[in-house]
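Engineer: When you get a sec, could you build the whole thing from the sequences and use the hints?
Sequences listed follow chains A and B, in order. For the first sequence, position 84 (counting from the first letter as 1) is numbered 1038 according to the numbering used here, and the numbering increases by one without interruption. For the second sequence, position 77 (counting from the first letter as 1) is numbered 398 according to the numbering used here, and the numbering increases by one without interruption.
Hints listed in this document are in silico derivations from the structure and should not be mistaken for laboratory results.
Calculated pairs, SDA-like style, for lysine to any residue (alpha carbon to alpha carbon, straight line, at most 25 Å):
| hint | chain 1 | residue 1 | chain 2 | residue 2 |
| --- | --- | --- | --- | --- |
| 1 | A | LYS1201 | B | THR323 |
| 2 | A | LYS1201 | B | GLY351 |
| 3 | A | LYS1201 | B | MET322 |
| 4 | A | LYS1201 | B | PRO337 |
Residues on chain A that point at chain B, a partial pick, calculated with CB under 10 Å:
| hint | residue |
| --- | --- |
| 5 | SER1180 |
| 6 | ASP1199 |
| 7 | TYR1370 |
Cβ coordinates follow ideal geometry from the N, Cα and C atoms, glycine included.
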Amino acid sequence: MASRIGKVTRRTLLVGAVAVAGGAAFGVWQIRRPLDNPLAPERGATLNPFLIIDGDGVTIITPRAEMGQGIHTTLAALVAEELDVAWEQVKSWHGPPSASYFNGALMHAALPVAEYAMTGWQTALAETLGRASRVLGLQVTGGSTSTVDAYERLRLAGAGAREALKAVAAERLGVEPAALSTADGHVIAPDGIRLPYADLAEAAATRPVPQPELRDPSQWRLLGRSLPRLDMVAKVTGTAEFATDIKLPGLKCAALRLCPHLGGGMEGFDPAPALAVAGVEEVIDLGDGVGVVARNTWAAMQGAAAVEVTWTPSPLPQDTDAMLARIAEAFEGRHNSRMRNDGDPEGALAGAAPLEVEYRVPFLHHSTMEPMSATAWLHDGQLELWCGNQAPRLHVDRAADAAGIDPADVTLHTTYMGGGFGRRAESDFTHYAAKLAAALPGTPIRLTYSREEDMAHGFFRPAAIARMRGAVADGRAVAFDAQVAAPSVSQQAIGRMTGRRMGGPDKGHVEGLFDQPYAIPNCRVRGYLADLDVPVGFWRAVGNSQNAFFHECFIDELAHAAGADPLAFRLRHIRERHAPSARVLEAVAEMSDWGNPPEGHAHGVAFTFSFGTPTAQVVELTDTGRGLKITRAWIACDPGRVLDPAIVRAQMESGLIYGLSAAVTGEITFAEAAVEQRNFPDYDALRMHTAPRITVRILEDTPHMGGVGEPGTPPAAPALANALHALTGTRARSLPLKHHAEFIV
Amino acid sequence: MTTLRVNGTEHETDAPGDTPLLWVLRDELGLTGTKYGCGVASCGACTVLLDGDAVRSCTLPLDAVAGAVTTIEGVGTPEALAPIQAAWARHQVAQCGYCQPGQILQAAALLRETPSPSDDQIDDAMAGNLCRCGTYPAIRAAIHDAARALSEA
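Structural biologist: Right, here's the structure in full:
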């Protein structure tokens, strides 16, 4: 057993991140010592890194990026549940960047095993790795991990604070702590006297933190209920502050013009046409582009468009076809990973009449509603920075580097973000805002990318090619062999974040393919990394987004080859492997009345286990005569224990619509290594009239808690493609589907 | 100098007349509730009311603004939500929230013309307002709810 753990650990260190390998040297004491508390409130008291109590009430630190997924609400509820404060009294604050706010759940995903099949020792190993991410101070929002990570830690923060407050009250009242109760922000004595937390907090903050037992979920008052979101009122009144909304005295607005040929550079530029635009004040050389500073953003964008720049060409393959050819070349080299290799796939295929097909997906853009933006202000040697971001400490380092100052001299305010989906894990916008601020010391600079610059400088979901082979016998899949080639998101993104190259098998590259709970006796999944430096990044659900399309469309093809109903075929293989996964399929079959679509309509199904949450979807498609319309969708998911059902439902709907949008129209193409799409008219998404009516059912049978921000996305594209096949007989093996059929727009 | 009436208040601005209303509101007057999404009137994030009608402020030049402008700040406040905002809050519509000021003003214009809209009328009226979080089902529910609340008021 020991050698087995040792082996997996070494491999995991390679798989997970170079950062983990570096962290292993820190030793155990760093993992076990109490968290440093980065909070220093001007008034009131802080009992732990997650809590400030002052005369105005209780502020709960929710140190994850709020990009729409409702995370501030759920994190605050975890603390409030144990602390005994009324929900109306709770305020949340993102708080400062700090290693104390590490994300321990991120490392769960680094294990080279399928999550549904994790055994006890593997879960224990994941916990150990999670504590390693504490040592490294990985304060990251991503991978659908925030709630999983916070579930115990934040309840303990609330419970510990409650017990410390009770201990102070007990001393003052001369009674035993056990005689006291707590409710609505007060300690309540046996005689009914109520001591407000604010009166006790300062004394409580000086005590050692007790480690009380956590309450049984049956006693919960807040968790498990759909709470009013803490950000809702601000977001319906226009008072929610995004990085592009920051107001400061003397603030100037900025826009960018960067080299459109990705990987190319700038030879020189003439600022005169920009300076001729009314309102433009400065044109700044950024090395790889130009920044224009003006009295308002309009003038800045007009100026940026007017600068005459000589660009140098890109070393990348120049157009989409050449890039896909480069990706296909990866199949000729050695595979990077073979994360699944059960039975004898070659033997099984040789003895059958195999189905052999190729699938392709395009590059995709995140296209957040708020284009990239950041506000930066260099004054007195200090840089103050406002930005929406998914990794605060990384942005601090990046800003310090760009401004040529020490990271200790950077103050970061993490704002709400107008969509993230992985895009704001990157820090390019922080880099440019800090550079502009450093060029104009004393002047606050608010940088907003134009939609066109935002579109041109994405970190794309990579294009990918999958070569699938399979065979069926007696109504079952007997062989399944998948090879997938694409540029590596993990290697590129981790390289950008840590400055170090990640080696070893890339799990993210094949997630959604190798780790699905289908019992197929001869099953192999190999990943090939393409040598193609188009910027790629974490796009909602990451590898699962394309791999679920490959996997679930091919499973559909195998079902047809076997003469089986596609949903029954899936159940046949999943039931014996993972019961909660089978149950979401059964649920979605019942919800959609599978097998009986209304006249003129067709149903497609897909299933993906991702981020710990099995999710099944049925999509209904009809031909209106004016184009195809997605009329209905049903989702059944099982994230284990649910803390806020309305937020889970909203995330599932959101994930589905995000996935369907990409499936119908999403496509980034290149000419001269520059993105050809400019704006929403040529990179659109589903809208009110094209989005389906959606029904969601949430099950709670999975023993480990799963994520919800991403699992709604992967099954969407294959469910739709399978519905298209059911409706028209067209088997679409590439995306977007608008190239295969006319959809209503 | 151009005089602009926004949320019942007169403002003077010396911004050039070809400046889109969006940027006058956001950068010159500090009314940042109205959002920039595309600059080409294709996403609706910048929607405001002009004499009660929904317009895309990102393509409306300042010197073409003839009428009273209502932005999200003029609809209601956190302390006193307008009925349509209250409906949005009841249905917990917003996710990232960036497009919602535009969605709310577009819906307000719809309800003014069509106090009890059908699903098809909601589709027609809201088709120009993009939401990348996919809050459409919640928006639809909130519009129906706001219609009921307004008819009972």
